[in-house]
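The primary structure of each chain is shown beneath.
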Amino acid sequence: MKSLIGISLVLLGAIATLLLLPGPLEGHRGVTAIEGVRVFDGERVIEDATVLIAEGRITGVGADLSVPDGAETIDGEGRTLLPGLIDAHVHAYGSARTDALRMGVTTLLDMFRSPADQPMVIRQRQSLDPTNQADLFSAGFLATAEGGHGTQYGLPVPIPESPETADEWVAQRLDEGSDYIKIIIEDGSGWGRTLPTLDAAMVEALVEAAHERGVLAVAHVSTQPAAKMAVRSGVDGLVHLFADAPVDDAFIAMARDSGVWIVPTTPVLAASHGQSVPDWLTGGEHAETRISQQQRTMLSQSFPGSQMRSARWPLVLENVRRLHEAGVTLLAGSDAGNPGTAHGPSLHHELALLVEAGLTPVEALRAATTLPARAFGLEGRGCLQPGCRADLVLVDGNPLEDIRQSVRIDAVWKNGARTERRDEAGDAS
Amino acid sequence: MIAANPSIQLVRAQWLNLLRTPAYTLPTLLFPVMFYVFFGLMMLRGQALWLLCTFATFGVMGAALFSFGVSVATERAQGWLLLLRASPAPVGAVIAGKAFGALLFAIIIVVMMSALAAAFGDVRLETAQWFGLAGILSLGAIPFCLMGLALGLWLSPNAAPAVLNLVYLPLGFLSGLWIPSTVFPGWLQSVAEWLPPYHLAALALDIAGARSADWGHSLTVLGLFGLVFAVMTALGWRRLSGVS
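Just so you know, the sequences run in chain order A and B.
Residue numbering for the first sequence follows numbering that gives the first Met the number 0, beginning at 0 and increasing consecutively.
Residue numbering for the second sequence follows numbering that gives the first Met the number 0, beginning at 0 and increasing consecutively.
There could be a bad hint or two in this list.
Residues of chain B placed beyond 12 Å of chain A at every Cβ, according to the derived structure [to be verified]:
| hint | residue |
| --- | --- |
| 1 | L17 |
| 2 | M33 |
| 3 | W79 |
| 4 | L82 |
| 5 | L138 |
| 6 | I141 |
| 7 | A158 |
| 8 | W177 |
| 9 | W186 |
| 10 | V230 |
| 11 | L234 |
| 12 | G235 |
Here's a subset of chain B near chain A, in silico, CB distances under 8 Å, partners left out [stated by the list, open to error]:
| hint | residue |
| --- | --- |
| 13 | I106 |
| 14 | S113 |
| 15 | A117 |
| 16 | R123 |
| 17 | F130 |
| 18 | A133 |
| 19 | P179 |
| 20 | G208 |
| 21 | A209 |
Because the hints were derived from the structure by calculation, they are not lab data.
Heads up, the beta-carbon is just placed ideally off N, CA and C, and yes, glycines get one too.
Modelling step: build the complete structure from the supplied sequences, incorporating the hints.
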């Protein structure tokens, strides 16, 4: 009899524990009103506005909105409200999605990761439930040559064998849940190495297959000749800016005619060209409460041989300036996941470097909101208008005047729920 | 009368056996949990949900294999099983007693890991999912119980622990329970898809919402695997005649 009681107690204990285990996050699901705040809606600035959010979406933006009774109100005076930022080039692994969210980056466009959990990733980004993770879109596996760039990370990569099988390769990626196709064109010449790479026929076949199946094809390039080959092959975007040579007129003409967009990824170029991360990014209150020790370590790293290339760094910003002046669409992206970068802070670094290169703060913020949302067809993201997702960043200051103030984050909302800082989440790392 | 039911008597005996040998019970329960804390929570941060499913599969499989395999081999050597076979207790009751022990271990391991995953890995699931995970992993222990039983009936008591480790650890690794099989090279991935622990983990991952599974296929593989060892168990029981 005693034994039966003991067994029952163990089983009841197990059931009780399971009942007590936490369910999905729950946040404030009533109406939240942010009052008297400066709003950047993805395109332009509205001073002294009220923003209403409910049920995970923005329900009102305007100067004289009436706030419903019972709404939670937040004083926005002296503050700026931005749409949740979009990082158009990351490699999301480990704690990337929570790290990014703490710094106001609410959507990540991944450019190479294992697609194993892609169905879950897709379900999560379709949901409007409160979450502590940024939403993720991903290329899944990338297309590269046998032994080429992208095969060195230890993740097995399926290799597209020939132009004839390109369609099959693309179809396999889409079956795995890839949102777009990423193609590597990298012969190593920009880095003083020799690497096997895909040829033009292969790239064209992949781009064609992607387009026939209705998804974007984007390319990794690091040299101007590779960039030209990619544009000639019909890619929709280049997910790096090349730094081997000054942008020439022929490339500018091609880029303008084709409408190709470019993600400069200046933070990763800084880390590979002897530039260290600026102090304003890694110091200050936001760093204490929103950047982890592990992220700080990542930010202090650099690529081997980085110092030897530091003379080339001014060329990066010069190329950004020339392309921007020529009217080529630039999308902000960090390439976080690499040495010298971290998910979240590095997108703010990119914004500051874009402004340093000659974009206005508003143009830089568009490159991290409206423009990537348009380029990738992301509905309800990168915008701060009624109907958009309530992914919001409240900044203490005015990044429209000084872009570096974008890091002074007061609060981040994801799907209408306020997210936790590191100290609030009990993360001591 | 309840007390006369041999199954309940043997379940009781197994319970007392576990209570009175904490030196066996505690390590068996704590080893997989410790493994999960080191690798799933401390080293590979941000993967807590995925690794909860795979490490719990690993723990459940271990509890099933060892609580059957080693003890059956020993009891056979001692002549206890032969005695049981001669007694009026049906063979089902003998197995029920041991299966009870393995399932109890499985439940405790899954619940402990779930609590740690929620507390330190930020894993958040619906209540139905928490129960589903515990349910599928406990039931999923059954084919591994049969495997342990069959091996215990066929192996000598000295060989049993060594052979079980030789089966358990590579099976866990090759099924992607420590490192997701998705980062394996292609040929190794196709090996994983033939292994039963891979399919139990796949079902757990499906319930947790991490990756959808082909339930029909995975259940078939686990069922066939269980059937093979059920047959081996039946054969082993028949040839039972003390130490062979």
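Given as non-interface: B/W79, partner chain A, CB spacing beyond 12 Å
Since the minimum Cβ distance to chain A is about 20 Å, B/W79 lies beyond 12 Å and the statement holds.
Non-interface claim for B/V230: all C-beta distances to chain A beyond 12 Å?
Answer for B/V230: holds, closest chain A Cβ roughly 31 Å.
Non-interface label on B/L17, tested against every C-beta of chain A at 12 Å:
violated, 10 Å
Quick check on B/G208 please, does its C-beta sit within 8 Å of some C-beta on chain A?
holds, 5 Å
At a threshold of 8 Å, is the proposed contact between B/S113 and chain A supported by beta-carbon distances?
holds, 6 Å
Is it correct that the beta-carbon of B/L234 has no partner in chain A closer than or equal to 12 Å?
holds, 32 Å
For the hint on B/A133, does the least C-beta distance to chain A fall short of 8 Å?
holds, 6 Å
Using 8 Å as the Cβ threshold, decide whether B/A117 counts as touching chain A.
holds, 5 Å
If you take the shortest Cβ to Cβ gap from B/A209 to chain A, is it below 8 Å?
It holds, given that the least Cβ distance between B/A209 and chain A is near 5 Å, below 8 Å.
Hold the hint about B/R123 up to the distance rule: shortest CB distance to chain A must be less than 8 Å.
holds, 5 Å
For B/G235, which was marked as not at the interface, is the minimum beta-carbon distance to chain A over 12 Å?
holds, 28 Å
Would you check whether B/I106 satisfies its interface hint, that is, whether its CB is within less than 8 Å of any CB in chain A?
Nearest chain A Cβ about 5 Å off; hint holds.
Against the hints set out earlier in the document, violations occur for numbers 1, 9.
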